[in-house]
Amino acid sequence: MKKKTAYLGIMLALALICSYVEALIPIPLGIPGIKLGLANIVIVFALYSMGIKEALLLSVMRVTISGFMFGNVVAIAYSLTGGLLSLLVMYLLKKTEKLSCISISIAGGIFHNIGQLIIAAVLVDNYYVLYYVPVLMIAGFITGACIGIVAQEVLIRIGKQIRE
Amino acid sequence: MYRRFGRNDVIFIGCLLLFCIGVCVAVYKGNTVIGSYITVTVDGKEYGTYSLSEEQTITIGEGEHINTITIKDGKAYMASASCPDQLCVNQMAINYDKQSIICLPNKVVVTVTSGNENDVDMIIR
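If you read the protein sequences in the order shown, they are chains R and X. Here this note's numbering is used: position 24 in the first sequence is 24, and no number is missing along the way. Heads up, this note's numbering is the position in the second sequence plus 1000, with the first residue counted as 1.
By construction, these hints were calculated from the structure, which means they are not laboratory data. Glycine is no exception: its CB is placed at the ideal position from the N, C-alpha and C atoms. Just so you know, not all the hints are guaranteed correct.
Below, a list of computed lysine-lysine pairs in the DSS-like style, where the Cα atoms sit at most 30 Å apart [to be verified]:
(1) X:Lys1098 x R:Lys35
(2) R:Lys35 x X:Lys1075
(3) R:Lys2 x R:Lys160
(4) R:Lys160 x R:Lys95
(5) X:Lys1098 x X:Lys1072
(6) X:Lys1098 x X:Lys1075
A few chain X residues that don't get close to chain R, going by computed Cβ distances all over 12 Å [stated by the list, open to error]:
(7) Ser1036
(8) Gly1044
(9) Thr1049
(10) Ser1053
(11) Glu1054
(12) Glu1055
(13) Thr1057
(14) Thr1070
(15) Gln1099
Bound conformation, chain X alone (with noise of 0.2 Å):
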């Protein structure tokens, strides 16, 4: 019923490898922007926009959905979370573009941005 590892899974096995690291470099090539800002979505609507250069400590959310970030030497993490699982207050501090630290049952999404406000960089007709 069950085959023995051949030949074919080591061609199987390639590819997934090399997708893999096709993909790897596809999303973090050339990734290394320090971002300035940090900006906070809560369940898809923004809800503010920080500067990471100053220390400061944000709370987000009322009642009992309250997440606190804190800016300390230029990054950014989640000091703590009301949510039951703590795995954003566990996930590291974060200052690259792009990067994001999200806390899936507040739905709170904390997401590095560079400078620029305008993501668009031109629209080509």
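Extracted from the complex, chain R is given alone in its bound form (with noise of 0.2 Å):
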């Protein structure tokens, strides 16, 4: 027990580390929302190594706190959103134990995005802004596969000694 909230502490920071070198990185496309994802690494990472209520505690509170420190509050509901989503159709294929997480992880990036505009469009009163689907569901597409692959080595050295 003692151990399980030394490493809840550690990802916590880590993914807060993630979150502020992410602002720091900005991405000229011209398109809101395309972000590269870094604190979902974290997240992933708790997902296999601890489980889903772990990883559920470590999403909701990156995202309250990052949102406080380096973005607005409003984003809060955005990235919140995002985030659950991506948790839950993330546990759910886990839970299938048919795919590997590099899968896994494209399919929360894409579901991450999808979230982040479901709530905008309700938000803004506006359903145009659905006119960002295609676009936004190519970029979880692609940072959901590099953060499956990242996650997947790191799960690959160090998810045992975590797990016990």
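Using the hints, put the two standalone chains together into the complex.
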């Protein structure tokens, strides 16, 4: 139990640092909402090495704290919806035990962006926001694949020690 | 616990990729119509319609929430905004039909529309 608390603390700190580094890297594509999602490496890692409850806790804490520290409060709503939807999809896909970490992360990346767009369409009251769906789906696909590859490599190397 | 990359993954990723491409084609297919107007909505309510053919600067909002839209060379872009993230200012200029610039904090949406004021093509009974 003590160990678990310590690991959760380390992972939360790591996720926050990832959010901070990400905020420093601008992606000049002219389309809003495309991000690397570095912090999701930590979330995927936690989902595999610890479990859904821990991943959920990390995800919510990460979004809330980084929203207050580096972003604005409005951004919390978007990140939270996207984060929760992607975590739900990843959890359900993981339960089937037929897919590798990379596939699950790709699905998570796509649904992260879809969740953000849904809440944006609701908040702005304008369905033209959904015009961005294809671009953001492809962005989610690419970033999800990168995150999945990194998370898989980390899991192979240190996943066992944390799970015990 | 975790599975290595295998045949299931290839099938799954292939299906996802096809789905993405399908959505892209469905949304962007044939959208090469250059619009002639922009419609501005604030908080879901229509604010005004402006022609893309004349060069102008439009200021929207009052008090702390101010957005400035500039129309130049038949394209519209967000010149400045009072929001903290400045995402809308960094977006590309728009001129194709149904393209839009969205400022989420100020709830301002700029959408390109084609010449027809009435969007309904026909009603089938």
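Here is how each hint holds up against the structure:
{"no.": "1", "hint": "X:Lys1098 x R:Lys35", "verdict": "holds (24 Å)"}
{"no.": "2", "hint": "R:Lys35 x X:Lys1075", "verdict": "holds (26 Å)"}
{"no.": "3", "hint": "R:Lys2 x R:Lys160", "verdict": "holds (17 Å)"}
{"no.": "4", "hint": "R:Lys160 x R:Lys95", "verdict": "holds (19 Å)"}
{"no.": "5", "hint": "X:Lys1098 x X:Lys1072", "verdict": "holds (18 Å)"}
{"no.": "6", "hint": "X:Lys1098 x X:Lys1075", "verdict": "holds (13 Å)"}
{"no.": "7", "hint": "Ser1036", "verdict": "holds (17 Å)"}
{"no.": "8", "hint": "Gly1044", "verdict": "violated (3 Å)"}
{"no.": "9", "hint": "Thr1049", "verdict": "holds (15 Å)"}
{"no.": "10", "hint": "Ser1053", "verdict": "holds (22 Å)"}
{"no.": "11", "hint": "Glu1054", "verdict": "holds (23 Å)"}
{"no.": "12", "hint": "Glu1055", "verdict": "holds (21 Å)"}
{"no.": "13", "hint": "Thr1057", "verdict": "holds (21 Å)"}
{"no.": "14", "hint": "Thr1070", "verdict": "holds (16 Å)"}
{"no.": "15", "hint": "Gln1099", "verdict": "violated (7 Å)"}
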